[in-house]
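Asks: Sequence:
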Amino acid sequence: RHCTDIICCVIFIVVILGYIALGVVAWVHGDPRKVIYPTDSYGQFCGQRDTLNENKTILFYFNILKCASPVVLINLQCPTTQLCVSKCPDRFATYIDVQASYRYRPDQWNYFRQFCKPGFNNPRKSVAQVLRDEDCPSMIIPSRPFLKRCFPDFSTKNGVLTVANQTTFKDGRGKTRNVTDLREAANGINNVLDARSVGMKIFEDYAISWYWILIGLFIAMLLSLLFLVLLRFTAGVLFWIFIFGVIGIIGYGIWHCYWEYDHLKGIPGSDLTVYDIGFQTDFKVYLQLRQTWLAFMIILCGVEVIIILMLIFLRNRIRIAIALLKEGSRAIGYIMSTLFYPIITFLLIAICISYWAVTAVFLATSGEPVYKVMANQTLCKYANLTCDPETFNTTNVTKLCPGAQCTFAFYGGESLYHKYIFIFQLANAFVFLWLVNFAIALGQCTLAGAFASYYWAYRKPADIPLWPLFSSFGRAIRYHTGSLAFGALILAIVQLIRVILEYLDHKLKGTQNSFTRFLLCCLKCCFWCLEKFLKFINRNAYIMIAIYGKNFCTSAKEAFFLLMRNVVRVAVLDKVTDFLLFLGKILVAGGVGVLAFFFFTQRIPVFAQEVPMLNYYWVPLLTVIIGSYLVAHGFFSVYAMCVDTLFLCFCEDLERNDGSTAKPYFMSASLHRILGKKKLSPKKA
1 RHCTDIICCV IFIVVILGYI ALGVVAWVHG DPRKVIYPTD SYGQFCGQRD TLNENKTILF
61 YFNILKCASP VVLINLQCPT TQLCVSKCPD RFATYIDVQA SYRYRPDQWN YFRQFCKPGF
121 NNPRKSVAQV LRDEDCPSMI IPSRPFLKRC FPDFSTKNGV LTVANQTTFK DGRGKTRNVT
181 DLREAANGIN NVLDARSVGM KIFEDYAISW YWILIGLFIA MLLSLLFLVL LRFTAGVLFW
241 IFIFGVIGII GYGIWHCYWE YDHLKGIPGS DLTVYDIGFQ TDFKVYLQLR QTWLAFMIIL
301 CGVEVIIILM LIFLRNRIRI AIALLKEGSR AIGYIMSTLF YPIITFLLIA ICISYWAVTA
361 VFLATSGEPV YKVMANQTLC KYANLTCDPE TFNTTNVTKL CPGAQCTFAF YGGESLYHKY
421 IFIFQLANAF VFLWLVNFAI ALGQCTLAGA FASYYWAYRK PADIPLWPLF SSFGRAIRYH
481 TGSLAFGALI LAIVQLIRVI LEYLDHKLKG TQNSFTRFLL CCLKCCFWCL EKFLKFINRN
541 AYIMIAIYGK NFCTSAKEAF FLLMRNVVRV AVLDKVTDFL LFLGKILVAG GVGVLAFFFF
601 TQRIPVFAQE VPMLNYYWVP LLTVIIGSYL VAHGFFSVYA MCVDTLFLCF CEDLERNDGS
661 TAKPYFMSAS LHRILGKKKL SPKKA
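Once you know that position 16 of the sequence shown is 16 in the UniProt record's numbering, the rest is easy, because the numbers rise by one and skip nothing.
Hint data in this document are derived by calculation from the structure and do not stem from the laboratory.
Each hint should be verified, as a subset may be incorrect.
As the list claims (entries may be wrong) - Capping the alpha-carbon separation at 20 angstroms, the derived lysine to aspartate or glutamate pairs in DMTMM-like fashion look like this:
(1) K532 with D578
(2) K148 with D50
(3) K148 with D90
(4) K419 with D31
(5) K117 with D97
(6) K87 with D153
(7) K148 with E54
(8) K117 with E390
(9) K117 with D135
(10) K117 with D90
(11) K550 with D653
(12) K557 with E531
(13) K550 with E652
(14) K460 with E652
(15) K87 with D107
(16) K372 with E390
(17) K170 with D135
As the list claims (entries may be wrong) - What follows is a list of derived Cβ distance ranges for each label pair:
(18) W467 with L314: 35 to 43 angstroms
(19) F536 with W467: 28 to 36 angstroms
(20) F242 with F598: 21 to 29 angstroms
(21) G474 with F242: 39 to 47 angstroms
We put the beta carbon where it would ideally sit given N, CA and C, even for glycine.
Starting from the given sequences, assemble the full structure and let the hints guide the process.
Replies: This is the structure:
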């Protein structure tokens, strides 16, 4: 063993150090509070500790009618003054009415004043000037907080949209408006709030049923282990039952087609051809033709003959595939620790995802507050231009555009760092893909090394090395980090290109250029195929690296040509393995799902008293089913890697050895009997 692809290893380490540096820079410049807390028109956070807004956690909009949609509100781009308040309004009121009655109803003024700008307490100021300077809102309406922002408290009464049981309200500018005028500004709010209510109920269901969910997943783990153990004895039976079942079903289809064909004999119109009646939207018309059933019968006969011929000519290769599946079950039985290695891969990927997400958030919040001119007049030439709130009142903007204000718009910046934030985000995504693919590659190479040590042990299990999984992991890290990083790099580049193509497709979705859409679709298809091909090559290259310790390119080339020399065996083994493992996943997920359904619907009398009271029983049920499928997938992915490794070892064994005393086969006795080669050399005791 020696270190492979050293240059790529060095580059990989440098990139990781650079990635750490990027995270540190993002942490220094970023401020996640910009995501956690809403920001008022002065760029101050609502609810931030040790500030004047510490107890004012909710954002209030002076004139919500100016906001087009909730998305605009959440993005803080609504062209109206935004203020931090301690609670949302709970009543209808207008500034005109409150100002007129402030002398004899001071309580109304004190209540309304908390929604005005801080420090404003001049009810004698004219209404026109107050509304022009936006010292106070022209109106307040009953609202409730959502996403830490005040939204109208919509409700439906007898099919009519209302706010606090009212269908009209005064806008504070001398007009009476209908509640439906708020619909555009708060479009979809009710649906989102309903979704929030459903979300709370789902959270409650998880809180009281989580331990039963864990029990279900534990049962799924036991069933997965049991299925893998039983494959040693049932792989062949399951496969042949399925094959003969398919043959029987197709045979029944042929008989049914003949019966329909014969039954339609003599019926008027049944002897017409498809060409005679042309295209019909009602496809039942075609079922009244003898020609249709004759065509079906011919097609099914062809399929039947092809399957039978494939079984006749490929029977030996199918037997080899089944023997390898049994051998894989036996190998896992000797190296049980491999079944739990996916947990390490999961933890590594979870760390990568967490680091990427945190870095992305810090990068996205690295901007500085950007202020823009918000003017009531649509013809103001300074509208939407950047401004400085400290010097804004000394400029001519307020004179040329009465009522204009310099308010917070969003976070950005003009410095060199801020200009390259998009590039940093792209680099963050690329290194994330590289690290995730490296974690997967490390797992595949580690498992391949462990299972290869089983195959190449002359006397099984006596010659299997101690701690094969740990030893294989150490070899992969010590000698082949560069090769694994090289393979992961190639795959990450293709995946990044696919992400960019998806982004372009999303941006150009509304374009009318058919050629552009066609070209983009072709590119997406090509790179999807390329990614699948590279994953296949990488997987087998990592197996060869684990066996022989060569560099990535050499291993990939040798694996590819070895597979091409055994292409039929590869195809048969692939399909047999895919079928059996898919069947296993369905059996595990379906079995646990049925058990969970009977449990959570209180149909098991023994446990009826133990079932928690749920809002939606399908919440833990779906969680158990999906979780069981993922648990089974994790265990069966190890099994698939085992079979692939044993297959490559088997092909190498056939090419390098001839069964003689000098070059004995390392394959199991069952594989040797299927091949019909020379007898195995006697193994030393």
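Asks: Next step is simple, just say for each hint if it's right about the structure.
Replies: These are the hints, each one checked on the structure:
Of the supplied pair hints, the one linking K532 and D578 holds, its CA atoms being roughly 16 angstroms apart against a limit of 20 angstroms. Annotation: proposed proximity of K148 to D50 holds, straight-line Cα distance about 19 angstroms (limit 20 angstroms). Taking the CA atoms of K148 and D90, the gap is about 16 angstroms. The hint holds against a cut of 20 angstroms. Our distance criterion of 20 angstroms between C-alpha atoms is met by K419 and D31, whose separation comes to about 17 angstroms.
Proposed proximity of K117 and D97 is supported: the alpha carbons are some 18 angstroms apart, at most 20 angstroms. Of the supplied pair hints, the one linking K87 and D153 holds, its CA atoms being roughly 13 angstroms apart against a limit of 20 angstroms. Between the alpha carbons of K148 and E54 the distance comes to roughly 14 angstroms, so the proposed pair stays at or under 20 angstroms and holds. About 17 angstroms separates the Cα atoms of K117 and E390, which keeps this hinted pair within 20 angstroms; it holds.
For the hint linking K117 to D135, the alpha-carbon distance of about 6 angstroms falls within 20 angstroms, and the restraint holds. The suggested pairing of K117 with D90 holds, with an alpha-carbon distance near 19 angstroms, which does not exceed 20 angstroms. A hinted pair counts as satisfied when its Cα atoms are at most 20 angstroms apart, and K550 with D653 qualifies at roughly 18 angstroms. Between the alpha carbons of K557 and E531 the distance comes to roughly 17 angstroms, so the proposed pair stays at or under 20 angstroms and holds.
Simply put, K550 and E652 have alpha-carbon atoms about 15 angstroms apart, close enough for the 20 angstroms limit, and the pair holds. Between K460 and E652 the CA atoms are separated by roughly 18 angstroms; this keeps the pair inside 20 angstroms, and the hint holds. In summary, the hint linking K87 to D107 is supported, as the alpha carbons are separated by about 17 angstroms, within the 20 angstroms threshold. Straight-line distance between C-alpha atoms of K372 and E390 comes to about 13 angstroms, which keeps the hinted pair within the 20 angstroms bound.
Taking the CA atoms of K170 and D135, the gap is about 19 angstroms. The hint holds against a cut of 20 angstroms. Between W467 and L314 the beta carbons are some 39 angstroms apart, a value that agrees with the proposed interval 35 to 43 angstroms. Separated by about 30 angstroms at the C-beta atoms, F536 and W467 satisfy the suggested range of 28 to 36 angstroms. For F242 and F598, the Cβ-Cβ distance of about 27 angstroms falls inside the hinted range of 21 to 29 angstroms, so the restraint holds.
At about 41 angstroms, the CB distance of G474 to F242 agrees with the hint of 39 to 47 angstroms.
Hint compliance for this structure: every hint is met.
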